[in-house]
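Spelled out, the chains give:
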Amino acid sequence: MQIDKFAGMVKFSLSESERATIEDQSRVLVDSFGLLKNIDTDGVDAMFTVLDIKNVLREDVVAKNISKETLLSNAPEQYGGYFQVPKTVD
Amino acid sequence: MKYETVMGLEVHVELATETKLFCSCSAKFGADANENVCPACCGMPGTPPVTNKKAVELALAAALVTNSKITPVMTFDKKNYFYPDLPSGCQITQLFAPICRDGWVEIETSEGRRKITLAQIHIEEDAGKLVHDNRIGASLVDFNRTSVPLVEIVSNPDFRTAEEVVAYLEKLRVLLSFAGVSDCKMQEGSMRCDVNISVREKGSSELGTRTEIKNMNSLKAIASAIAFESGRQINALETGSEALVQETRRWDDNIGETFSMREKEGVADYRYFPNPEIMPIEIDDAWISYVRENLPEPAHDKFIRLTEKLGLSDYDSNIIIGSKNLADIFDGTLKHFDNPKEVVNWIIVELLSIAKGDNKGEDDIKIDCRKFAKIMELVDNKTINRAVAKKLLLLVWKDGIDPEQYVEENQLGMVNDTGLIEKTIKDVLVEQASSVEQYKAGNTKLFNFLVGQVMKKLAGKADPKAINELLAKHLE
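Same order as they appear, the protein sequences are chains A and B. Each residue of the first sequence is one higher than the last, beginning at 950 in our numbering. Each residue of the second sequence is one higher than the last, beginning at 29 in our numbering.
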């Protein structure tokens, strides 16, 4: 399994025991998809959702529902109205 | 050995909506950092996306003007990657059922006309903006652009020359701006283009190793980047100086070269999957008809109207339809002053040169059409002469003055009093007796000098035609 590769993509660092747990859980998940593979789906339309809802749309009207101060108040670090993050370029 | 260049384009166009794609934040450009942000577009948990109907309709308009096949039921997907400008960790886009596929756009180059085929157009959200600040040794994130709606227009690898690429982008700009889809300004980033480029031996049917060039913000930069990159690839194949790898390269306009952007950690793995938070969107014939019927007049139809119905020249008409903004100014002014030839002349000769003096392009001109038309009307009914009119236009451009009121307050109205003009002419003929003599001796060039002297005494406010006629009479 490519646990390390996927962990790398989402920038997670895993301890040995976490890695083992996730590997076990992932195997169950992947095996379940293996089961689905055996089902004959010829002539069956792909199902996107189990809900019978479509076209949930809104009109193009501006609404402001939160202030910049509130928005930024959750940020661990902020600077001059920006969210501050570790440097992303050298 | 003979090589040919093969290119495909990915063009991102910002949709001209008021709000973002999945929330009601303003999509306006130029606000202070993080001013137009809410929990949904900065990726807070538990904030489901609600699709902007207008964005879908503008994308439908893009589908229609590019002759694309519209997908009856479209869906949105998540494209996962980790980067600080993407707060939710995934970009909402369309992979499995994009809004349309298989379109085409006809282009015209020195080689003639040909069709460029499109693989698909999909709707997606933009990412935020990162500012790298060396003083504090950190990166700063502004989420104002996050979730602003875009369409990405993906062509097939149909292009062989930079000329075709430029013609295609020009054509897209005209089609999309006239349909109201986007203002398509490359300099401001509302139209962006990535070029996928490879070279191969002429006659070969296999594609070579391709690179993707990014970061070009003008047609000129795109043409230069294509020339550089195809040259680099041909050189690599011929001399073996470097191995060609599939990679993303950044165009540096100052240096005039492309540079490898990053060593990719293997092939990018975006782990696309259907976005379960957004229900499928069914696009039925009624909706398509509604969008089609509400499309503004396409550039080509406008050209026919200008040339055939309004009797304008092909040359003038092409200038007007070269920019949606100019075309709007033309139509807006024509509404108030029904003389197409005059309106076109004033736009092309006067307005464009004033704008050029202010370093503004066709798309950036802002003028009150009613006031613009008023100036033409004042000339037409002989209230003011052209010289005064030109000054007025400059004042409308700079200060937004009201032309009629300004003429009245500053007494710029034309001198229509023939008696006064004749009296002034007589004065000038006495004062400039030697010039008059030379004129009568055959130096006809002095006629204009004398007209100028009369005009000067009348503070530039007389009708030059009247002075000409009266002066000619007096010099007989």
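Honestly, the hints are just simulated from the structure, not real lab data. Any given hint might turn out to be false.
[Said to hold, decoys possible] Pair by pair, the computed Cβ-Cβ distance ranges are:
#, chain 1, residue 1, chain 2, residue 2, range
1, A, V999, B, N263, 32 to 40 Å
2, A, L1000, B, I316, 32 to 40 Å
3, B, K30, A, G983, 48 to 56 Å
[As the list claims (entries may be wrong)] Chain B side only, calculated, beta carbon under 10 Å to chain A, not exhaustive:
#, residue
4, S54
5, F57
6, E63
7, A155
8, V169
9, P308
10, I395
11, C397
12, T446
13, L448
For every residue, glycine included, the Cβ atom is placed at its ideal position computed from N, Cα and C.
### Message
Of the numbered hints stated earlier in the document, which are not met by this structure?
### Response
1, 2, 5, 7, 10, 11, 12 and 13
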